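Here's the letter readout for the chains.
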Amino acid sequence: MAVCSVNSMKLGDVDEHEWDALVSDENFYNGYRWLKALGHALGETDVFIARGPAGLIAGCAHWEGEPSSEMFSLSHYVTDFAGPWHREFLWLGGRRNTHNEIACIQGVGRQDALAALGSYAADYAEEHGYAGFVMPYMPFGAAEEFANAVGGTAVLHSAEASLGVPEKGLADVLERMRKHDRVQCKSEISTFRRLGGEVEWVSLEEFDDAVAADLIAQNRSKYGSTQGREWMRRMLAGQRRAGISRLGKVAMSKRGQNITALTVFYHFGRALYPRYFGADYSFNLKDFRYFVLCYYESLDYAAANGFSKLRFSISALRAKVKRGAEIEPQAFVIKCVGGNDICPDDARRHNRRFLDRYHTDFAGHLSHDWNLIEARRSPVS
Amino acid sequence: MGNENAEQFNELAGLYEDMAEWPFRKDIEIPTVLQTIGDVEGLSVLDFGCGTGMYSRWLKQRGAAKVVGYDPTVGMLNYARRRAEKEGLDISFVSELKPGLRGQFDLVLAVYVLPYASTAAELQAMCNEMVGLLRPGGRLVTLPIHPSYDPHANYYEAYGFRLIADDPEDPFADGGGVTLELCMSGQQGKVAAWYWSASSLERAMDEAGIKSLEWRELVAPAYPTIEQAPESLHAYLQKPHSNIIVGIRGR
Numbered sequence: 199m200a201v202c203s204v205n206s207m208k209l210g211d212v213d214e215h216e217w218d219a220l221v222s223d224e225n226f227y228n229g230y231r232w233l234k235a236l237g238h239a240l241g242e243t244d245v246f247i248a249r250g251p252a253g254l255i256a257g258c259a260h261w262e263g264e265p266s267s268e269m270f271s272l273s274h275y276v277t278d279f280a281g282p283w284h285r286e287f288l289w290l291g292g293r294r295n296t297h298n299e300i301a302c303i304q305g306v307g308r309q310d311a312l313a314a315l316g317s318y319a320a321d322y323a324e325e326h327g328y329a330g331f332v333m334p335y336m337p338f339g340a341a342e343e344f345a346n347a348v349g350g351t352a353v354l355h356s357a358e359a360s361l362g363v364p365e366k367g368l369a370d371v372l373e374r375m376r377k378h379d380r381v382q383c384k385s386e387i388s389t390f391r392r393l394g395g396e397v398e399w400v401s402l403e404e405f406d407d408a409v410a411a412d413l414i415a416q417n418r419s420k421y422g423s424t425q426g427r428e429w430m431r432r433m434l435a436g437q438r439r440a441g442i443s444r445l446g447k448v449a450m451s452k453r454g455q456n457i458t459a460l461t462v463f464y465h466f467g468r469a470l471y472p473r474y475f476g477a478d479y480s481f482n483l484k485d486f487r488y489f490v491l492c493y494y495e496s497l498d499y500a501a502a503n504g505f506s507k508l509r510f511s512i513s514a515l516r517a518k519v520k521r522g523a524e525i526e527p528q529a530f531v532i533k534c535v536g537g538n539d540i541c542p543d544d545a546r547r548h549n550r551r552f553l554d555r556y557h558t559d560f561a562g563h564l565s566h567d568w569n570l571i572e573a574r575r576s577p578v579s
Numbered sequence: 004m005g006n007e008n009a010e011q012f013n014e015l016a017g018l019y020e021d022m023a024e025w026p027f028r029k030d031i032e033i034p035t036v037l038q039t040i041g042d043v044e045g046l047s048v049l050d051f052g053c054g055t056g057m058y059s060r061w062l063k064q065r066g067a068a069k070v071v072g073y074d075p076t077v078g079m080l081n082y083a084r085r086r087a088e089k090e091g092l093d094i095s096f097v098s099e100l101k102p103g104l105r106g107q108f109d110l111v112l113a114v115y116v117l118p119y120a121s122t123a124a125e126l127q128a129m130c131n132e133m134v135g136l137l138r139p140g141g142r143l144v145t146l147p148i149h150p151s152y153d154p155h156a157n158y159y160e161a162y163g164f165r166l167i168a169d170d171p172e173d174p175f176a177d178g179g180g181v182t183l184e185l186c187m188s189g190q191q192g193k194v195a196a197w198y199w200s201a202s203s204l205e206r207a208m209d210e211a212g213i214k215s216l217e218w219r220e221l222v223a224p225a226y227p228t229i230e231q232a233p234e235s236l237h238a239y240l241q242k243p244h245s246n247i248i249v250g251i252r253g254r
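These protein sequences, in sequence, are chains A and B. Following the working numbering, the residues of the first sequence are numbered contiguously, the last one being 579. Following the working numbering, the residues of the second sequence are numbered contiguously, the last one being 254.
Watch out, some of these pointers could steer you wrong.
Each pair of labels, with its calculated beta carbon distance range [stated by the list, open to error]:
no., chain 1, residue 1, chain 2, residue 2, range
1, B, E160, A, H274, 57 to 67 Å
2, B, T182, A, F279, 47 to 57 Å
3, A, G349, B, E44, 52 to 62 Å
4, A, L240, B, E90, 25 to 35 Å
5, A, L240, B, E217, 51 to 61 Å
6, B, D93, A, E398, 18 to 28 Å
7, B, Y226, A, E324, 34 to 44 Å
8, A, D213, B, D93, 22 to 32 Å
9, A, D213, B, A225, 56 to 66 Å
10, A, E403, B, D173, 56 to 66 Å
11, A, R374, B, L92, 31 to 41 Å
12, B, K193, A, R516, 43 to 53 Å
13, A, E403, B, R219, 41 to 51 Å
Quick caveat, the hints were computed from the structure, so don't treat them as lab data. Given the structure is predicted, the values throughout are model-derived calculations rather than measurements. Note that beta-carbon positions come from the ideal geometry of N, C-alpha and C, so glycine has one too.
Model the full assembly from the supplied sequences, consistent with the hints where possible.
Structure, rendered in structure tokens:
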């Protein structure tokens with residue numbers, strides 16, 4: 199398969215259906231409408247696209263990164279080996295995304311498409327004075343594939359949780375848990391009910407953005423975020439404008455007429471994405487509403503609606519593992535330009551240390567992707 | 004369809020969706036298929052080889068109670084799922100046919116699927132799979148390469164494609180290779196297909212359990228005769244590259 203052209207352009211100039219044909223169920227945050235929503239809320243999204251003779255074959259958003267945030271800063275990702283971590287890089291993937299994959303065709307032409315896109319991104323980075331490009335939060339397998347295609351390096355820096363949805367939902371997950379965890383989960387559900395909690399599901403489209411933004415901002419503020427209610431309202435307004443709200447569902451916990459908490463989910467193919475949790479902390483309840491909404495109720499909802507996977511985020515991995523989730527490794531792909539390269543052996547040693555740490559902390563809960571890293575152990579390590 | 008055959012469609016989703024607007028499909032194939040299918044209100048339908056899900060979406064919009072789109076090609080399924088989500092259509096798109104789907108459908112639609120069987124055994128397996136999905140008395144509507152298509156490579160070029168027999172000396176060889184080249188508005192794609200004779204197709208259908216089989220020609224339903232159709236469609240209508248098999252599963 200030939201690559202006919204590679205360009206940088208505004209996302210709005212790309213046909214959304216053509217783009218989305220390259221986006222799998224696992225890659226919701228690089229779907230057209232999610233990127234579009236980010237554009238509405240935070241500024242227009244720029245993308246690299248590669249075309250073949252029959253149309254679009256690869257695409258990827260890019261942005262300038264956020265050095266002030268630990269989540270989007272190389273110097274916070276890597277502390278155990280030398281590299282140009284304080285230089286400015288071009289960031290690939292959706293703005294502030296914590297799951298990224300290149301939107302790309304499958305099959306025989308895939309490697310060529312990834313290579314062409316990566317090569318263009320490297321040239322673009324050099325022309326614009328960056329030290330190279332970095333694509334963070336990639337599933338390790340996808341990161342390694344992209345790194346190989348572009349002559350870059352995949353460096354582990356994070357992990358995310360997911361949970362396969364069994365046929366009977368929560369009941370099946372409880373059954374396969376260790377007894378101690380099972381007793382704890384049942385106790386949390388029972389406490390939630392005893393304290394008068396009920397759960398109701400509604401469409402995000404019909405839900406009041408102001409209420410959602412208020413509760414989500416309360417939760418974020420509790421955990422140190424400075425992105426307040428207005429920021430969240432802007433995000434939700436962007437989603438509404440981009441049409442992503444149509445894919446959203448809100449699970450609310452209620453006590454009588456009062457909403458005590460909510461979780462916003464998005465449907466994407468056979469995957470269900472819990473994205474935002476919010477709570478009204480004026481209700482000082484120890485009722486486990488977070489776990490009830492994000493895990494227990496969502497499992498039953500997912501099973502009843504034909505979803506095969508719940509895709510959680512990168513935070514609170516321990517709590518997720520205790521409730522049945524497995525942990526998947528995430529790497530950033532770095533491609534330096536202008537002679538700032540990093541040492542591949544250093545990266546391999548770093549990846550091994552990362553793997554060992556997760557083996558220690560999450561033994562028995564690691565996805566098969568970790569075996570790929572195990573297989574890459576080399577004599578130098 | 005084997006994995007290799009399925010894979011060739013991975014990068015063609017956008018182009019295939021665009022094809023719905025090409026005149027031979029828009030004015031001839033699609034309206035003839037919809038006319039053949041008739042009322043789908045309340046029916047359970049499986050779109051076998053659904054591609055970008057164009058027919059699946061239309062079937063759902065026309066009142067089918069349950070629509071399942073099946074395609075082994077990831078690129079096509081991505082397109083189909085994303086598009087249906089955006090349009091708020093409750094369609095299940097799957098990459099494999101689980102045993103629980105057998106015998107569940109009133110109608111199986113398979114548009115341009117049989118030409119991707121590369122051997123007689125694969126053709127038989129494909130027919131068995133399609134018919135096995137039907138409840139007894141259910142209908143199969145499928146479009147093969149027309150047993151009497153025009154074998155001149157450029158005959159269909161004005162319609163956006165070329166159909167080129169691997170052996171130009173024997174273009175109607177049963178199971179012979181045919182290359183479909185798509186060539187409209189600068190976009191290009193190429194897929195490998197296979198020609199099956201009417202008797203091979205009928206035999207495979209019979210063995211799969213089809214008890215009543217009927218052939219239908221593609222027409223332009225908006226025009227009572229070929230002469231009344233726009234002149235640009237005449238050549239295609241005289242020698243369409245496909246036709247329709249309608250079969251009923253035995254009880």
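Verification of the hints:
1. B:E160 with A:H274: 57 to 67 Å: holds, 58 Å
2. B:T182 with A:F279: 47 to 57 Å: holds, 52 Å
3. A:G349 with B:E44: 52 to 62 Å: At 57 Å between Cβs, range holds.
4. A:L240 with B:E90: 25 to 35 Å: At roughly 27 Å between Cβ atoms, B:E90 and A:L240 fall inside 25 to 35 Å, so the hint holds.
5. A:L240 with B:E217: 51 to 61 Å: With a Cβ separation near 58 Å, A:L240 and B:E217 satisfy 51 to 61 Å, so the hint holds.
6. B:D93 with A:E398: 18 to 28 Å: Holds: the Cβ-Cβ distance is about 21 Å, inside 18 to 28 Å.
7. B:Y226 with A:E324: 34 to 44 Å: violated, 59 Å
8. A:D213 with B:D93: 22 to 32 Å: With Cβ atoms ~24 Å apart, the hint holds.
9. A:D213 with B:A225: 56 to 66 Å: violated, 28 Å
10. A:E403 with B:D173: 56 to 66 Å: With Cβ atoms ~58 Å apart, the hint holds.
11. A:R374 with B:L92: 31 to 41 Å: This hint holds: roughly 35 Å between Cβ atoms.
12. B:K193 with A:R516: 43 to 53 Å: holds, 52 Å
13. A:E403 with B:R219: 41 to 51 Å: holds, 43 Å
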